[in-house]
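Engineer: Here the protein sequences line up with chains W, L, V and R, keeping their order. Be aware that the first sequence starts at 1, since it is given in the numbering used here, and climbs by one per residue. Be aware that the second sequence starts at 151, since it is given in the numbering used here, and climbs by one per residue. Be aware that the third sequence starts at 301, since it is given in the numbering used here, and climbs by one per residue. Be aware that the fourth sequence starts at 451, since it is given in the numbering used here, and climbs by one per residue.
Bear in mind the hints are in silico, worked out from the structure with no lab data behind them. Keep in mind that the hints are not guaranteed to be accurate.
To be verified - Short, incomplete list of chain V residues facing chain R, as computed with Cβ under 7 Å:
1. A340
2. D343
3. T344
4. I362
5. V371
6. V372
7. E373
8. S374
Ideal placement from N, C-alpha and C gives every residue a C-beta, glycine not left out.
There are 4 protein chains.
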Amino acid sequence: MDQPSPTPRLPPGRRADYRLFRSFETRWHDNDVYGHMNNAIHDTLFDSVANAFLIEPGLLDIGRGERIGLVVESGCRYHAEIAFPDAVAAGLRVGRIGRSAVTYEIGLFAGVSDVAAAEGFFVHVTVDRRTRPPAPLPEADRLKLERIVR
Amino acid sequence: MDQPSPTPRLPPGRRADYRLFRSFETRWHDNDVYGHMNNAIHDTLFDSVANAFLIEPGLLDIGRGERIGLVVESGCRYHAEIAFPDAVAAGLRVGRIGRSAVTYEIGLFAGVSDVAAAEGFFVHVTVDRRTRPPAPLPEADRLKLERIVR
Amino acid sequence: MDQPSPTPRLPPGRRADYRLFRSFETRWHDNDVYGHMNNAIHDTLFDSVANAFLIEPGLLDIGRGERIGLVVESGCRYHAEIAFPDAVAAGLRVGRIGRSAVTYEIGLFAGVSDVAAAEGFFVHVTVDRRTRPPAPLPEADRLKLERIVR
Amino acid sequence: MDQPSPTPRLPPGRRADYRLFRSFETRWHDNDVYGHMNNAIHDTLFDSVANAFLIEPGLLDIGRGERIGLVVESGCRYHAEIAFPDAVAAGLRVGRIGRSAVTYEIGLFAGVSDVAAAEGFFVHVTVDRRTRPPAPLPEADRLKLERIVR
Numbered sequence: 001m002d003q004p005s006p007t008p009r010l011p012p013g014r015r016a017d018y019r020l021f022r023s024f025e026t027r028w029h030d031n032d033v034y035g036h037m038n039n040a041i042h043d044t045l046f047d048s049v050a051n052a053f054l055i056e057p058g059l060l061d062i063g064r065g066e067r068i069g070l071v072v073e074s075g076c077r078y079h080a081e082i083a084f085p086d087a088v089a090a091g092l093r094v095g096r097i098g099r100s101a102v103t104y105e106i107g108l109f110a111g112v113s114d115v116a117a118a119e120g121f122f123v124h125v126t127v128d129r130r131t132r133p134p135a136p137l138p139e140a141d142r143l144k145l146e147r148i149v150r
Numbered sequence: 151m152d153q154p155s156p157t158p159r160l161p162p163g164r165r166a167d168y169r170l171f172r173s174f175e176t177r178w179h180d181n182d183v184y185g186h187m188n189n190a191i192h193d194t195l196f197d198s199v200a201n202a203f204l205i206e207p208g209l210l211d212i213g214r215g216e217r218i219g220l221v222v223e224s225g226c227r228y229h230a231e232i233a234f235p236d237a238v239a240a241g242l243r244v245g246r247i248g249r250s251a252v253t254y255e256i257g258l259f260a261g262v263s264d265v266a267a268a269e270g271f272f273v274h275v276t277v278d279r280r281t282r283p284p285a286p287l288p289e290a291d292r293l294k295l296e297r298i299v300r
Numbered sequence: 301m302d303q304p305s306p307t308p309r310l311p312p313g314r315r316a317d318y319r320l321f322r323s324f325e326t327r328w329h330d331n332d333v334y335g336h337m338n339n340a341i342h343d344t345l346f347d348s349v350a351n352a353f354l355i356e357p358g359l360l361d362i363g364r365g366e367r368i369g370l371v372v373e374s375g376c377r378y379h380a381e382i383a384f385p386d387a388v389a390a391g392l393r394v395g396r397i398g399r400s401a402v403t404y405e406i407g408l409f410a411g412v413s414d415v416a417a418a419e420g421f422f423v424h425v426t427v428d429r430r431t432r433p434p435a436p437l438p439e440a441d442r443l444k445l446e447r448i449v450r
Numbered sequence: 451m452d453q454p455s456p457t458p459r460l461p462p463g464r465r466a467d468y469r470l471f472r473s474f475e476t477r478w479h480d481n482d483v484y485g486h487m488n489n490a491i492h493d494t495l496f497d498s499v500a501n502a503f504l505i506e507p508g509l510l511d512i513g514r515g516e517r518i519g520l521v522v523e524s525g526c527r528y529h530a531e532i533a534f535p536d537a538v539a540a541g542l543r544v545g546r547i548g549r550s551a552v553t554y555e556i557g558l559f560a561g562v563s564d565v566a567a568a569e570g571f572f573v574h575v576t577v578d579r580r581t582r583p584p585a586p587l588p589e590a591d592r593l594k595l596e597r598i599v600r
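Looking at chain W on its own, in the form it has when it is part of the complex (with noise of 0.2 Å):
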């Protein structure tokens, strides 16, 4: 990995740095041992929140799309723990928009906390479904994905 020293620490984001929310309930089992809920699942609703909204407006058929994105990079800086049965709600906006290549950005913000858990972000590839090499972006898509830039 090339980059592993921490990142230097930068405040925490507020909800107004998002564009869209979702909200989510935790389970029982998104905590681990330590009460808290475990790093991985952060991952999850970061997945859930994007791919939600990709697929209501219609820029993602999971079943029969030609093209489906592919995460190349993700990371994620934890501020503060979560843990169930808190909701969450989680907020999107787009970073970058390349010609094939999309970062999503997310926040996470516990019960009624204006100040994000934690923050990350993910790099989808727009791919050929089957063939999976980089397509680009059709422009219809990168309109609407223009309307949630930060």
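On the provided structure of chain W, position chains L, V and R as indicated by the hints.
Structural biologist: Coordinates of chains L, V and R only, in the frame set by chain W:
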């Protein structure tokens, strides 16, 4: 998130780049709808190989230890798909060792491949189990961790 | 396993058959390769609705309580598929209450459907947290549980 | 649920009661807050051992097969705790084989123990991948399954 842009792509690591290995069988539901291991599962394997290393030499007592390691940052680059029923070897090394923070770096290798399918890291900060301020890493632990520094 | 044969099929339950409800958003990786919620996720929701009920009235103190509930048996019948991004309502009722064992019964309802997509149960045995022999259910807990008996 | 009462307790099974085995390493987040493998993980291992068996002799083509197996019922009895970092051997046998339904029975054995820590089953109904009515089990598949009937 202060670092949304994709990390410049370096070539994937090799088994010789890692110090310790633990094998995992994939599971049916590691695969998501795209027929490959979902990206959140990688984090789960990262946690597992590092914590198994910590538990076995007595660095970590899950149930009763005074100090635990909280994950404050994590990241992963995905080079190639892994899919059930592949076996996965998780290679571990320690990157940076700070006063209370340790960076673990992990490579995942599918089947007999010598080229990493994914590489990631996470940063553990040692904290007091109850009150949770950062605690200095004990000297004996530091010596053990230094044996697997990259 | 002493009961391998399929249970005779009864008609799926309705919302009115359950006493308390909790809503859950599905997550991207609840779906498996067949594009529907993997059957292990159902158990996760069963645990979540029952434990949320137990935590809120103070029947369960996850971190420090002297008594915890261990699952000794569970089961589920799957009537219809649930899939991300469906919302799911989990309905809870208590079946049998024994000296130390409680049977929780749960129905999962996708979207606004009144017909259960899945129905299951699990049996909790109350045990002492440390030594883990069965412990009698305290009388105050029994009274609270009786309020949601089917 | 039509069968909420605990099944009468039979003695736990032994390795000799099962026909085929597959080993799994537990993972850090298999453990829940009680420090043992959460009960939903057992189902995940049941699916994994059965599907690995089906994939290897060609009974199941996850990505393209015309027929898939949907789980219509599952159950588990938990005899003893399993905890990360235990290794687990999953033993498989086939119970009942019907016209389109197959009952798989699984025992989980922690470490080198000969006594099952948990035993469960699930019922697969063979369906057409697209239209999903029950489809008869092909004769060749039936013959292969009969080799591991208990």
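Engineer: All the hints need checking, so say for each whether the structure fits it.
Structural biologist: How the hints compare with the structure:
Interface restraint check: A340 of chain V against chain R, minimum CB-CB distance 4 Å, threshold 7 Å, status holds. Evaluation of the D343 of chain V hint against chain R yields a held restraint, the C-beta minimum of about 4 Å falling below 7 Å. At a threshold of 7 Å, the smallest CB-CB gap from T344 of chain V to chain R is about 5 Å, leaving the interface hint in force. Interface restraint check for I362 of chain V: the shortest CB-CB distance to chain R comes to about 5 Å, inside 7 Å, so the restraint holds.
A hinted interface residue such as V371 of chain V counts as satisfied when its beta carbon comes closer than 7 Å to some beta carbon of chain R; here the least separation is about 4 Å, so the hint holds. Given the 7 Å rule on beta carbons, the hint for V372 of chain V holds: about 5 Å separates it from the nearest Cβ of chain R. Restraint check, E373 of chain V versus chain R: the minimum CB separation of about 5 Å is within 7 Å; hint holds. The interface hint given for S374 of chain V is met, as the beta carbon of that residue sits about 5 Å from the closest beta carbon of chain R, less than 7 Å.
When the structure is compared with the earlier hints, no violation turns up for any of them.
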